[in-house]
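Position one of the sequence shown corresponds to residue 25 (our numbering), numbered consecutively onward.
Warning: the hint list may mix true and false statements.
[Stated by the list, open to error] Computed list of lysine-lysine pairs in BS3-like fashion (alpha-carbon distance at most 27 Å, straight line):
{"hint": "1", "residue 1": "Lys579", "residue 2": "Lys598"}
{"hint": "2", "residue 1": "Lys579", "residue 2": "Lys594"}
{"hint": "3", "residue 1": "Lys367", "residue 2": "Lys257"}
{"hint": "4", "residue 1": "Lys483", "residue 2": "Lys298"}
{"hint": "5", "residue 1": "Lys534", "residue 2": "Lys599"}
{"hint": "6", "residue 1": "Lys298", "residue 2": "Lys594"}
{"hint": "7", "residue 1": "Lys534", "residue 2": "Lys459"}
{"hint": "8", "residue 1": "Lys516", "residue 2": "Lys483"}
[Said to hold, decoys possible] Estimated spans, in silico, between C-beta atoms of each pair:
{"hint": "9", "residue 1": "Lys367", "residue 2": "Lys459", "range": "48 to 54 Å"}
{"hint": "10", "residue 1": "Gly312", "residue 2": "Pro490", "range": "18 to 24 Å"}
{"hint": "11", "residue 1": "Asp376", "residue 2": "Ser356", "range": "51 to 57 Å"}
{"hint": "12", "residue 1": "Lys329", "residue 2": "Pro490", "range": "45 to 51 Å"}
{"hint": "13", "residue 1": "Arg315", "residue 2": "Val630", "range": "37 to 43 Å"}
{"hint": "14", "residue 1": "Gln318", "residue 2": "Lys440", "range": "20 to 26 Å"}
No lab work stands behind these hints, which were simulated from the structure alone. Virtual Cβ for every residue (Gly too), placed ideally from N, Cα, C.
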Amino acid sequence: PSFFNFEVTCSSPLLVQYSRRRLLTSPLVCIDSVMIRGPGVVSILCLPAIASIFSFLLHCDACSLSIDMPSDNHHSINKGSTNSFISHGAAFVPQRTLSQLIPSQCLRREVNPENSSSLNFLFSPQPQMNSNTIVQSMSSESTNNGNDNAARQRDGGAMSRGKGNNHVKKNMSFECTTQGNKNQDLEKNRKKTSPKKFKYSGNLPDLSWRAIPIEHLRSHPLFIPLPHPDTIKNINKLEDVRMFRQDSWQWDELHRGRCTTSQAAPALGFLEPKAAMELGIPRSLQKGCSRSFQRLGESALRSKKDMNEILCVGGNGGEHRTFQVWTKASKSSAKKGYPFAFKYLPVYTMGDKEKRKVSAEEYMCDLKNPMRVRMQWGNLQEPTAILTALNYFSNLDSDLRVREVGMCGAEIDINKCSTNMEEYGNDSKLKEKEKILVGASPDAVLEYSNGSSEVLEVKNHCPFVPTEWMTGGKKKKKKSKFRIRELPMQAKVPSVYIPQLMMEMLCVGKSCRSAVMVRQTATCGAVILRLHRDDEWIEEMLYWISSFKSQFVDKEAPPPPNFFYEGNEKERYKKFIQWTKALSEDVDLVEHVQHGRIQRVLHRGVGMSLFLD
Numbered sequence: 025p026s027f028f029n030f031e032v033t034c035s036s037p038l039l040v041q042y043s044r045r046r047l048l049t050s051p052l053v054c055i056d057s058v059m060i061r062g063p064g065v066v067s068i069l070c071l072p073a074i075a076s077i078f079s080f081l082l083h084c085d086a087c088s089l090s091i092d093m094p095s096d097n098h099h100s101i102n103k104g105s106t107n108s109f110i111s112h113g114a115a116f117v118p119q120r121t122l123s124q125l126i127p128s129q130c131l132r133r134e135v136n137p138e139n140s141s142s143l144n145f146l147f148s149p150q151p152q153m154n155s156n157t158i159v160q161s162m163s164s165e166s167t168n169n170g171n172d173n174a175a176r177q178r179d180g181g182a183m184s185r186g187k188g189n190n191h192v193k194k195n196m197s198f199e200c201t202t203q204g205n206k207n208q209d210l211e212k213n214r215k216k217t218s219p220k221k222f223k224y225s226g227n228l229p230d231l232s233w234r235a236i237p238i239e240h241l242r243s244h245p246l247f248i249p250l251p252h253p254d255t256i257k258n259i260n261k262l263e264d265v266r267m268f269r270q271d272s273w274q275w276d277e278l279h280r281g282r283c284t285t286s287q288a289a290p291a292l293g294f295l296e297p298k299a300a301m302e303l304g305i306p307r308s309l310q311k312g313c314s315r316s317f318q319r320l321g322e323s324a325l326r327s328k329k330d331m332n333e334i335l336c337v338g339g340n341g342g343e344h345r346t347f348q349v350w351t352k353a354s355k356s357s358a359k360k361g362y363p364f365a366f367k368y369l370p371v372y373t374m375g376d377k378e379k380r381k382v383s384a385e386e387y388m389c390d391l392k393n394p395m396r397v398r399m400q401w402g403n404l405q406e407p408t409a410i411l412t413a414l415n416y417f418s419n420l421d422s423d424l425r426v427r428e429v430g431m432c433g434a435e436i437d438i439n440k441c442s443t444n445m446e447e448y449g450n451d452s453k454l455k456e457k458e459k460i461l462v463g464a465s466p467d468a469v470l471e472y473s474n475g476s477s478e479v480l481e482v483k484n485h486c487p488f489v490p491t492e493w494m495t496g497g498k499k500k501k502k503k504s505k506f507r508i509r510e511l512p513m514q515a516k517v518p519s520v521y522i523p524q525l526m527m528e529m530l531c532v533g534k535s536c537r538s539a540v541m542v543r544q545t546a547t548c549g550a551v552i553l554r555l556h557r558d559d560e561w562i563e564e565m566l567y568w569i570s571s572f573k574s575q576f577v578d579k580e581a582p583p584p585p586n587f588f589y590e591g592n593e594k595e596r597y598k599k600f601i602q603w604t605k606a607l608s609e610d611v612d613l614v615e616h617v618q619h620g621r622i623q624r625v626l627h628r629g630v631g632m633s634l635f636l637d
């Protein structure tokens, strides 16, 4: 085995992900990742007998690039000389390519020569080591230690740099000049003050960590909220049901008998073993189609009369309130480059922490499935991620507004319903489509000053992982139940979310031609992606959902495993799967939002650890 050191000099935090693939055609599998917050060394143990290709994915504030290297050419690669990365359009391409750069994984930024910083990457092979040395090195230096190694790097990396000086001098250096939003004063202050240690394990995850409540988001000057459900006395047209908030019981009632975005992927067979494997859907999401089968078999609200009688009766409790929690940034702050549209006034106090700790203890006592932690994190952090999109796009369009919506699509063609079928004449195709009802509830709709709109969907990636799920978890379980995992963001929309985004565009209306997805983390910032509408794919999606209902739901026959993948139209279905995979990668990377440019609750004399214990 060869032991490689990855020396990094960078003025901003750098995220390094190490992956491998067994064959050239195999997908990359992430082995580990580490966040480097100062100059230092990352040591990686490479086993050529196990991995045919290893890959480094590098992220910093200014750029991102991926490097694939054949493991059997480790030493020949290290004989190379300096490569200069030059600007090529909006991407970064090596002038002399010894390694493979993957443009689809590059964060595209324009190069600003007047305000730039330099990243230097050095690879140097370690001498051959025996097994004892390998074990010792793995425990002290390897990125398998993930978060602990990140903490050491944050302390300046002095220990690692000291070891790096004794390495063999056969190096390959990569140097690229990239745009930087670097503040020299902040950099000086960071060097003078010792960084605070970050807690990477605990028993009480703070699921509301620095989260902005939905009630406060509804009071934002650029956010258009829905009315309180109890104030809606009647609906004049079917599409008015989108006025019911997503936290109301009316919104829940509208899901009955309707194929919504949460049930689209299961009904399409995407969560069945074979299709899920081909689409790269993790096992934690492979839950089968039983809920979709049950949902589509329920009776649905179809007529305006029924909707008025059942939905417009109140019963939600509470009243609409406007919270004075936002203020316009001062002119001096704006001149200094204040990144947010408005300042958020509330702060997190010790009293808030104690109340939240009591609530967290009660929640964890009743917790039976650790996956609930991840789901709850996504729900509580959703307004903060919506605010990330609001701040970014309002900076580009000062007249932008973000609109709250409920269940959309009641009046689209596929949902036309009437007790009098003569209304549709002899249109057999329309009658066939009437067998299913669809609906979608985007997290919000972006409305631009030019009259265009986009659906907004946010995904908050939970940082908490049960300790028992991680390497060596059984031994560490006695110390803590959860650990923090930092993973890099990829500039792609996972295949499992393609039906959701396409159905949202369908239900919002024909004028909606694209969807924006925000993938946000607690420690590594966020990426903003854009997926364009594909009407032909949407038609194919509706075909398979209709087939699911007619073949299984209407006949009250639960579908077998891999029901479409091994069905009578399997060739057509497999082409649909490949089509979906291509769409998931054919997205626009709008922006990589740095961690410091995500607006969250500030704190006053209280540590902001992700754990409450």
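Here's how the hints hold up against the structure:
1. Lys579 / Lys598: 24 Å, holds
2. Lys579 / Lys594: 21 Å, holds
3. Lys367 / Lys257: 35 Å, violated
4. Lys483 / Lys298: 25 Å, holds
5. Lys534 / Lys599: Distance of about 25 Å is within 27 Å: holds.
6. Lys298 / Lys594: 12 Å, holds
7. Lys534 / Lys459: Holds - the C-alpha atoms of Lys459 and Lys534 are around 21 Å apart, at most 27 Å.
8. Lys516 / Lys483: 12 Å, holds
9. Lys367 / Lys459: 48 to 54 Å: 52 Å, holds
10. Gly312 / Pro490: 18 to 24 Å: 22 Å, holds
11. Asp376 / Ser356: 51 to 57 Å: 29 Å, violated
12. Lys329 / Pro490: 45 to 51 Å: 49 Å, holds
13. Arg315 / Val630: 37 to 43 Å: Given range 37 to 43 Å: holds, Cβ gap about 41 Å.
14. Gln318 / Lys440: 20 to 26 Å: 25 Å, holds
Of the numbered hints given earlier, the model fails hints 3, 11; all others are met.
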